[in-house]
Amino acid sequence: MNHQLLHIFRNNPLGRETLLQSIYFCKQISASPVIYIPKSTKFLMYFDNDVVQIDLDESYLTSPDTALKHATELLEQAGIEPIFLDPKHYTASTLPDIHTNFDYMCCPRSISDLSSKIGLGYIGPRVRRIVRSARFPVLITSSVFKEWKSIAVFFGGSANAVNALKLGFRLCRVSGMTLDVFTMVEKNSRESYEKIVKDKNLEEEMSLYAGKWHFFENQVFEENLYDVPHDALIVLGAYGHHLFKDFVFGSKMEKVQSTISNNLLIVGPNYIATI
Amino acid sequence: MKFTIHEVAQCLNLPEITIERWIRQGRIPIQKSSNGYILNEAALEKWAALYKLPFSMPRKVKTRHKEKRMESLLTAMKRGGVLYDLKGDDVETVLKSAVENIPVLSNNSREEIYRHLLEREHLTSTGIGKGVAIPHPHDPLSDTLESQVISTCFLENPIDFGAVDDKPVFVMFILLSQSIKIHLHLLSRLSFCVRDNAFVEFLKTSPDSAMFFSKIADFEKRLDRADIY
Amino acid sequence: MRIFQSWRYPANWNIFRLDDRLLLILMAAIVGSCSGLAAVALNRSLVAMFNWLHHLRHYWWVFVLPAIGAALSSLFLDKIVKEGAGHGVPEVIYSVSRYGGLLRFRSSFSRLISSCLTIGSGGSAGPEAPVVMSGAAIGSNIAKYFSLNDRQRVTLVGCGAAGAISSIFNAPIAGMVFAIEVIIGEWKSVHIVPIAIASVAGTEISRILQGNQIAFSHRLFSIDHMDIFACLGLAILTAAASILLTRLLRSMHEISKKIPAPVWIRAAAGGCAVGLIGLFLPVVLGEGYHSVRMMIEGAFSQGLAILALAVLAKIVATALTLGWGGSGGIFAPCLVIGSLVGVTYHHGLVLLWPAVSWVNEGCFALLGMAGLISGMMQAPLTGIFLIVEITGGYEVILPLIIVSAISTTLCHYIEPASYYLKELVEYGHLLRPGTDARVLSDLNVSELLEKDCIAVTQNMLLRDFINIVKKSNRNYFPVENEETGHFLGIIHLDDIRPYLFNPVMYDTVFLGQIMDANVEVVHPEDDLSDVLRRMDANRLFSMPVVVNNRFIGLISKGNLLNQYRKELMVQTSQQI
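Chains as they are written, first to last, in our numbering: chain V, 1 to 275; chain R, 1001 to 1229; chain X, 2001 to 2576.
A couple of the hints might just be wrong.
[Stated by the list, open to error] Some but not every residue of chain R turned toward chain X, in silico, with C-beta under 8 Å: (1) Thr1018; (2) Gly1026; (3) Leu1053.
[Unchecked claim] Part of the chain X face toward chain R, derived, beta carbon under 10 Å: (4) Asp2020; (5) Leu2148; (6) Arg2151; (7) Val2154; (8) Asp2442; (9) Asn2444; (10) Glu2447; (11) Leu2448; (12) Gln2571.
None of these hints come from the bench; they were simulated from the model. A virtual CB, placed ideally from N, CA and C, is assigned to each residue, including glycine.
The shape of chain V in the complex, shown without the other chains (with noise of 0.2 Å):
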């Protein structure tokens, strides 16, 4: 269908991978992506239950006369249709409002901070309220442009888990990529991460899409990422099952992106997938 994805605009040598790789990824899932270049550094997101203020780095508003030639040319080298948004509401004069009816969101892994914390380990208190409240999964990009060959699904068996599984098999229909799974076989055995899988009706859908599950089973988790493809999309839920899973990411989660610099697609609790 008509997918949309909010990306903003950063008009320099490092927005630009970060620009590549939201046309890349639409490409692939034929999505359209929705470029806002800011005019100033601060704007509001009303979510449904949050409004989110975005303070931007002040790198986002270099040289602004040539930030829509850049953009436009990124984008038709692509053959893609440049389309730009335009705030209607404001706040305040300087608060524009920017509304979040997108279908997926493109993040560096901190949108408030300096260029130079953006690296391994980090993700940014914004970011982390956005992939909250959104309904969108959140695309967080790596630093340097890289096509993804594959696609990889983390899945815990939380709610959150079959979100992604369920993100993960559209996407995999849509682009005619690879699946993998990947579980962690923790206290559970294998058998309980399939009756989930059936419990939710989506041994079908596993069997049709999904190349290979991978489960595993070295108890250090860290050790296992090496298996995962160095040029996958991975997906991922962001929240587990303990008890402070509205507050925190989960613990995968945040080993998940302190050790692979793949690009990443983060499921929030307020996403509802389709397949």
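Once you've looked at the hints, dock chains R and X against the given chain V.
Chains R and X alone, transformed into the frame defined by chain V:
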């Protein structure tokens, strides 16, 4: 009980986006939980009555019965049978003998059917040209009939029916339907067959029922493929 | 474990599922107390700052104090909390009308600190609007924490505002009326009851912590008939003062925007000017409650000329403080200006008609305050109840009503929107519940989409098209490009009606020739009121919705009426 947004939208007959928005804004007494929507039937009925909105519980919606497919020409014709060498010199006699001999009709309805057919002929002739006539009652006979019947009657001698092209009629298709809609549907299909001149020539040979029905089946297949009514 | 987790979703508990009024009352009490505490905190810190800076008053460089305070406050707001200054109550109203009352968490405390800096150092502003904003933000965030829905959150925002005003003035009814009249905008029992509870909570907190004192107590006044006539004149004067203040505030704001200096320098400049004025007329500094008390007592003895000058000076000082970047509200300055106007008027009356025994000037000070508040906010009920409660004087109710009502009406003629709503109305952002604008802004193009049109291609022959017409049940057919699926145009049945029965044309006409390629299209993100305007301008009853060059459906006025009516009924209900 938990429902998906799709089921909730169906029972209120509103778009899904509207229902989601009303739940978020607190205008409808439905709660959203992590994997479904919780409905309280009594509260929701009261709410719907207040706003004069249609509301039917999801259970009933699930067993919505499919619309009856329109009956095909072949079934109606098989029910009505084929009559050969019908005797008669004018419209009344021919119709009378046809009605007497059609199977499946109950005896007390024959008189009434004959009367209706005659009334219709007096309004305007049902001879549609090329020697074909389609007698039928003006109003549908919903109480006398259980299902549609088309009776194919080959006349012994062609008679003058007052047809549009003044040609004598040699075959009659008597259409007896329960409703106008079914009547129009069958008529449309029949006329599609009759438009084909080769078919009319075929009819002139008074073919036996097996060959005749198979020809009709061919026509229906073509109609169904072209998805035409 | 489940119980522990479900306490965060009280709306889903069984007792509250059918009727959430009890839940709201409980929440309202909590919110009212919290915002009451915030108000008391601000009050205390202002008093503390005043006492701390008092000993500096006799230095020559004291006029720089307001400048320092304003600069610090603006720096704090801009750099540390990263919020814009001066958008308090309008932002609350905007969020209530459009987003169900979602407010940022940082607003709960940022305004308290920044206005404390501005006012404590001598700036001419009031602590009420910041405390309203804090209370509203507290209410909104408590609602967010408990995952309440929009309607409940709006009620809690109102509760926060009511609790704040009730606490800071020790005036529960004024708090209630302000929250409902100004913030929420509709008088429904589902809002009124929780807001009343919150007002009580806020007032109680204030009484416990600060004692039950009436802000401006006074002697008994004996009002005569002549005085009631005189009120008319006072109403006119206060209306004039309100208009002057509004206009001046706006123009100061405009002027300061044009100056290419960073925000805090502009704030400092404004503060300097205020300090200079304050050197000569100390009544303009700070929130001014002390001067108001003196005026009500009748102890503010100055000549008529000085009083008139003071009125103008206070108006200018307020405009300078707030327009140039300081942080605060206009409640308190309105009270001061109002009482100054009242006292001036009284002196004028005495001058003109010395034979008549006018009532004490303190009474006119009271009436002046009411007139100014009602005029500025165009909320006469708030003005009336506030003055009655903070002065404890019910006997002035008759002239009070006259002055408030007339002042509001006069101001409304000249400035159709009140001070808080002006900005919102200008940008078309004010959406009061149950209005046409609100219903249209809630509905979305995607909710009205009709997707049962059959698409055709531009190279289709008329003959094939006729078969499609047989099957369809609409009059519009979108034409798409065969290979790319891009939208090319629309065919309306009326266009081909003349040719439908002409068999010769069946094989000779392509659909590309009869389609309308210049049709107006709608994008799903378009504003519905805009779409309707275009439909009316072009006399269309249906328009195609196109995204990324693909046709996704039709939007028609018929369906819009259906959904509009349902939306309106649900929005303006008496029950939920």
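Structure-based check of all given hints:
| no. | hint | in the structure |
| --- | --- | --- |
| 1 | Thr1018 | holds (5 Å) |
| 2 | Gly1026 | holds (3 Å) |
| 3 | Leu1053 | holds (7 Å) |
| 4 | Asp2020 | holds (8 Å) |
| 5 | Leu2148 | holds (8 Å) |
| 6 | Arg2151 | holds (3 Å) |
| 7 | Val2154 | holds (9 Å) |
| 8 | Asp2442 | holds (7 Å) |
| 9 | Asn2444 | holds (6 Å) |
| 10 | Glu2447 | holds (5 Å) |
| 11 | Leu2448 | holds (8 Å) |
| 12 | Gln2571 | holds (7 Å) |
This entry satisfies every hint, going by the numbered hints stated previously.
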